[in-house]
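Undergrad: Protein chains in written order, with my numbering: chain U, 972 to 1455; chain W, 0 to 477; chain R, 12 to 106.
Don't read these hints as lab results, they were simulated from the structure.
Mixed in with the good hints there might be a few duds.
Pair ranges (Cβ atoms, derived) [stated by the list, open to error]:
| hint | chain 1 | residue 1 | chain 2 | residue 2 | range |
| --- | --- | --- | --- | --- | --- |
| 1 | W | Q187 | R | A89 | 29 to 35 Å |
| 2 | W | E303 | R | A89 | 57 to 63 Å |
| 3 | W | E133 | U | Y1339 | 39 to 45 Å |
| 4 | U | D1303 | W | E105 | 55 to 61 Å |
| 5 | U | E996 | R | D47 | 16 to 22 Å |
| 6 | R | E58 | U | R982 | 55 to 61 Å |
In silico lysine to aspartate or glutamate, EDC-like type, Cα no more than 20 Å apart, as pairs [said to hold, decoys possible]:
| hint | chain 1 | residue 1 | chain 2 | residue 2 |
| --- | --- | --- | --- | --- |
| 7 | W | K460 | W | E426 |
| 8 | W | K78 | W | E68 |
| 9 | W | K460 | W | E358 |
| 10 | W | K114 | W | D158 |
| 11 | U | K1382 | R | D47 |
| 12 | W | K129 | W | E152 |
| 13 | W | K386 | W | E399 |
| 14 | W | K171 | W | D255 |
| 15 | W | K171 | W | D183 |
| 16 | U | K1062 | R | E34 |
| 17 | W | K129 | R | E58 |
| 18 | U | K1225 | U | D979 |
| 19 | W | K214 | W | E156 |
| 20 | W | K202 | W | E3 |
| 21 | W | K129 | U | D1306 |
| 22 | W | K78 | U | D1340 |
| 23 | W | K163 | W | D66 |
| 24 | W | K129 | R | E95 |
| 25 | W | K202 | W | E164 |
| 26 | W | K170 | W | E9 |
| 27 | U | K1382 | R | E95 |
Backbone N, C-alpha and C fix where the C-beta goes; we use that ideal spot for every residue, glycine too.
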Amino acid sequence: MTLDTLSDWARRLQAREISSRELAELYLGRIERLDAGINSFVTVTPELALAAADAADRRLAKGEQAPLLGLPVAQKDIFCTQGVRTSCGSKMLDAFVAPYDATVVERMNAAGAVMLGKTNMDEFAMGSSNETSYYGPVRNPWDPERVPGGSSGGSAAAVAARLVPAATGTDTGGSIRQPAAFCGVTGIKPTYGRVSRYGMIAFASSLDQGGPMAASAEDCARMLNAMAGFDPRDSTSVERPVEDFTAGLARDLKDLRIGLPREFFGEGLDADMRRVVQDALAVLRERGAKLVEVSLPNSGLSVPAYYVVAPAECSSNLARYDGVRYGHRCADPRDLMDLYMRSRAEGFGAEVKRRIMIGTYVLSAGYYDAYYLKAQKVRRLIADDFRRAFEQVDVIAGPTSPELPFRLGEKSADPIRMYLSDIYTIAVNLAGLPGLSMPAGTIGNLPVGLQLIGNYFDEARLLNVAHQFQQETGWHQRMPAAFA
Amino acid sequence: MEWETVIGLEIHAQLNTASKIFSGAATAYGAEPNRQACAVDLGLPGVLPVLNAAVVRKAVMLGLAIDAEIAPRSVFARKNYFYPDLPKGYQISQYELPIVARGHLEIDLEDGGRKRIGITRAHLEEDAGKSVHEGFGAMTGIDLNRAGTPLVEIVSEPDLRSAKEAVAYMKKLHALVRYLGICDGNMQEGSFRCDANVSVRPKGQQAFGTRAEIKNLNSFRFVERAINFEVERQIDLLESGGTVVQETRLYDPDRDETRSMRSKEEANDYRYFPDPDLLPVTIHAQDIESVRGEMPELPDAKRERFIRDYALSVYDAGTLTATRELADYYEAVVAGCDAPKLAANWLMGDFTAALNRSELEVGQSPVAPQALAQLLTRIQDETISGKIAKEVFDAMWAGEGDADRIIAARGLKQITDTGAIDRIIDEVIAANPSQLEQYRSGKDKLFGFFVGQVMKKTQGKANPAQVNERLRARLQGD
Amino acid sequence: MSLTSDEVRRIAHLARLAVDDREAEGFAAALSDIFDFVETLNAAEIEGVEPMAHPLDAEQRLRPDTVTEPDQRELFQAIAPAVENGVYLVPRVIE
């Protein structure tokens, strides 16, 4: 049996060559056989999946069409799923069965998706290696001694190992793109406001954005068609019509201007990585794109600015986990203070606590201006850099990550080194722009990602460029041998 | 030493919307615990706030009514602190950029003068839930029905100089929000609550003294008593060589005292920052004009109009416009009987007394304004006397029907036929020859006796003016 | 910049996180390093720059004032650690 893309499976479902139930069973079987080695799922939901598949089969039989009708997907465990545990990778929510569906889940279900389960992730999406999960680290299907990236490491690894054809991710500082790069899959973080955040458990509200992860740009476009769109329940959701993201995939790249930020190709970037990225850019140039050097002079400030803004928002967003209405409550609290202090100390892991501490500190009396306000101003500088660059070019390209997937435990003791692994992705979140990562080559057996950054609401262009690249190259079709 | 009191009030008024400020849950008072707390109010993981349009509209109304600046751009911020009735661990409020700023209100002073009280700002925020301390043993129960109810917090300048001024200001604001129809003003249910910042300073000193913030003031009477207690406490403290500590104090109405809430003091650091889940609220000039077009007549303007149009005294006009309900009732009565002064006397007299006796609000009166107008018309057209009218009014209040029906049923129609009155007068005179003798020999006081006898014989139905006139003529005559 | 264990305890208390002495020292060291790193922001030319709180320059959308949420108390309280007669229970709050 070949393991096809969403688009292929959709065609075969419509042609009745396979039923949705058979398809779900196929992937559920793979999860059962193969996930133990990579720990990409926190919860598998076979009964629900088969019921959804049967419902999809009935709709297919009636000749209905919907973007994800009958197609198996996985949800990152940050999206609330009614009646299914939604842990966010935390002990705090280990027993939290969500009483409602996130808008993304609702939309994907309505589009006919068949959810197989919930994928592992860094605790509350805070991490770049998937090592902070309460449910243990996810391992990279290309090398189980290495990390899959984070925080959407479970989704990336599951798609890379073809345990599911596509999954959702969320990206606050690179959490879709970096694991996509580390695992050799395609993922896109849409423009802030494109995809509803309702029901997507908040890490840093002004940066978080959900998006698809799949084996190809075409599959991402198909998923995004179901995920994106205005949501009246999210004040930051953008009220504008959503185009069909698959419609422009075939557009050629003639006269496309691609900007290469000189800051993304400086020191810090490994020579082999540079070579792979430049080879990939050459493919785009051969298809008609023009490569232009641009500058993002403040991008070096993006990581420190991010480590003020994101923890500040997280410290407030995570205050609701107090052991009163849901979530972990410590045993036999002496008094209210003890209930708070111990429930939170027991429920949160080390990295989450560290970020809550940073955020509490930077917002506290006397430090607000020196940290938070300053970071917000730097944020504007970073956004302005992009604005100027997009006056010259249509798309910006560069490496997704400065390095290959690192070994488990390699950086756990050094938070700042860990934070710097998101150096090329974070600025995009601060500005709110769309960004995509796709497999662009390998070093040894390990995948290397190419990042494409678009102007606001230009997701279709990013998907188009990636799709054109994937017409020419086979990197996105590679599969780790152990999972073939 | 002579001391001067300085008071500023922070008033929380619940805006009377159908749904909450950031969610679609109902705001009705008195539901079973947590039945009106939806996912957003509970702060479930992943939920997000969306602002209620009516809340913005009501805030703009308030801003216009206090002649304030309406911010073209205002921002919601998070006020971070842990408390079990605060589900998200932060309250969504406004901090640096409130929706309304720099307004004022004029209050009437006891000496008949007026004083302008500055209003620093009015900002929008969500209410917290309630803690229930009784009935759960060693535990406290948390009811989040109230969580997310819209509040406007109205902060005055420290312009108030006595407890009486503070109460006058609070009453004025209370009447105003009810006039505007933006708050039901129900103080028992907590819809209109007050915190008072109180300090004293030697008379003539510019700098403010150290202030104490008194919480939990949910009636006009408590505001007055708490401030008076606190002022005395501070003066005693200062005069005995002590110093006032800046702190939060709680008013205990049972003991009529304020006491320190040090248990809650522990260095609050609210870590305000703009709420990233909400965008800046933009109010355009045309939005303001649209609200202005819907503004009801405000109390001061209505009072002036009553003085002008109905020839009422300043006092009467002030009393009748104290609440919008009474003013509306009054105007409905006048519309039906064209006797503005008579209507004013009746409303401030028998009507208000009856309401008080029955413990009812104007809106709950069993006598409709049209019915009262009919009664007053019967006084005007001399069908009944003012005295008989009181009896008819009581019967109307008791539900016996309208004025005409009661007058007919009880035979209360006034006797205005001079022939009939003369006959009764003659009978009375004939029956009291000795009193007649005394009257005629100069004992004028006996005139009242004869009036009384005539009214008694007619069961009060004779027209009193006619009785006077005819009787005087008869007694002096022949 | 270096944070003391006392400062860490103050922050931990504000954030309602119990920390023992060993953790407090660990946080003091880690947070000090992170704040040193964040100090690089001081190099930025931010004179006259408007702070950016939101990625998109948009305004708040308003929701019509209608009741849309039904009572789901039983569903919501099924996941609560302690409830009685419809209220959430916490150790007694002293006012």
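Undergrad: Would you mind marking each hint as holding or not holding in the structure?
TA: So, going through the hints one by one against the coordinates:
Taken as a hint, the range 29 to 35 Å holds for the pair Q187 of chain W and A89 of chain R, whose Cβ atoms sit roughly 34 Å apart. Checking the proposed 57 to 63 Å range against E303 of chain W and A89 of chain R shows it holds: the Cβ atoms sit about 59 Å from each other. Between E133 of chain W and Y1339 of chain U the CB atoms are about 40 Å apart, so this pair conforms to the stated range of 39 to 45 Å. With their beta carbons about 58 Å apart, D1303 of chain U and E105 of chain W fall inside the hinted range of 55 to 61 Å.
Judged by the Cβ atoms, the range 16 to 22 Å given for E996 of chain U and D47 of chain R is violated: they are separated by roughly 54 Å. Between E58 of chain R and R982 of chain U the CB atoms are about 58 Å apart, so this pair conforms to the stated range of 55 to 61 Å. At roughly 16 Å between alpha-carbon atoms, K460 of chain W and E426 of chain W fall within 20 Å of each other, so this suggested pair holds. Restraint check for K78 of chain W and E68 of chain W: not satisfied, since their Cα atoms lie roughly 24 Å apart, outside the 20 Å limit.
With a C-alpha separation of about 32 Å, the suggested pairing of K460 of chain W with E358 of chain W is violated against the 20 Å cut-off. Under the criterion of a C-alpha separation no larger than 20 Å, the hint pairing K114 of chain W with D158 of chain W is consistent with the structure, at around 9 Å. The straight-line distance between the Cα atoms of K1382 of chain U and D47 of chain R is roughly 19 Å, inside the 20 Å bound, and the hint therefore holds. This hinted pair checks out: K129 of chain W and E152 of chain W have alpha carbons roughly 18 Å apart, not beyond 20 Å.
With a CA separation close to 18 Å, the supplied pair K386 of chain W and E399 of chain W stays within the 20 Å bound. Of the supplied pair hints, the one linking K171 of chain W and D255 of chain W is violated, its CA atoms being roughly 24 Å apart against a limit of 20 Å. At most 20 Å may separate the alpha-carbon atoms for a hinted pair to count; K171 of chain W and D183 of chain W meet this at roughly 14 Å. Under the criterion of a C-alpha separation no larger than 20 Å, the hint pairing K1062 of chain U with E34 of chain R is consistent with the structure, at around 19 Å.
At most 20 Å may separate the alpha-carbon atoms for a hinted pair to count; K129 of chain W and E58 of chain R exceed this at roughly 45 Å. For the suggested pair K1225 of chain U and D979 of chain U, the alpha carbons sit about 28 Å apart, so the restraint of at most 20 Å is broken. Only pairs whose Cα atoms come within 20 Å are accepted, and K214 of chain W paired with E156 of chain W is accepted, the gap being roughly 17 Å. Under the criterion of a C-alpha separation no larger than 20 Å, the hint pairing K202 of chain W with E3 of chain W is consistent with the structure, at around 5 Å.
Distance check on the hinted pair: K129 of chain W and D1306 of chain U sit about 18 Å apart at the alpha-carbon level, within 20 Å; holds. For the suggested pair K78 of chain W and D1340 of chain U, the alpha carbons sit about 16 Å apart, so the restraint of at most 20 Å is met. Note on K163 of chain W and D66 of chain W: the hinted pairing is violated, with a Cα-Cα distance of about 24 Å set against a maximum of 20 Å. Using a Cα cut-off of 20 Å, the hinted pair K129 of chain W and E95 of chain R holds, with the two alpha carbons roughly 15 Å apart.
Restraint check: the Cα-Cα separation between K202 of chain W and E164 of chain W comes to about 17 Å, which is no more than 20 Å; the hinted pair holds. A C-alpha spacing of about 13 Å is found between K170 of chain W and E9 of chain W, which places the hinted pair at or below 20 Å, so the restraint holds. In summary, the hint linking K1382 of chain U to E95 of chain R is not supported, as the alpha carbons are separated by about 46 Å, beyond the 20 Å threshold.
Hint check: violations occur at hints 5, 8, 9, 14, 17, 18, 23 and 27; the rest are consistent with the structure.
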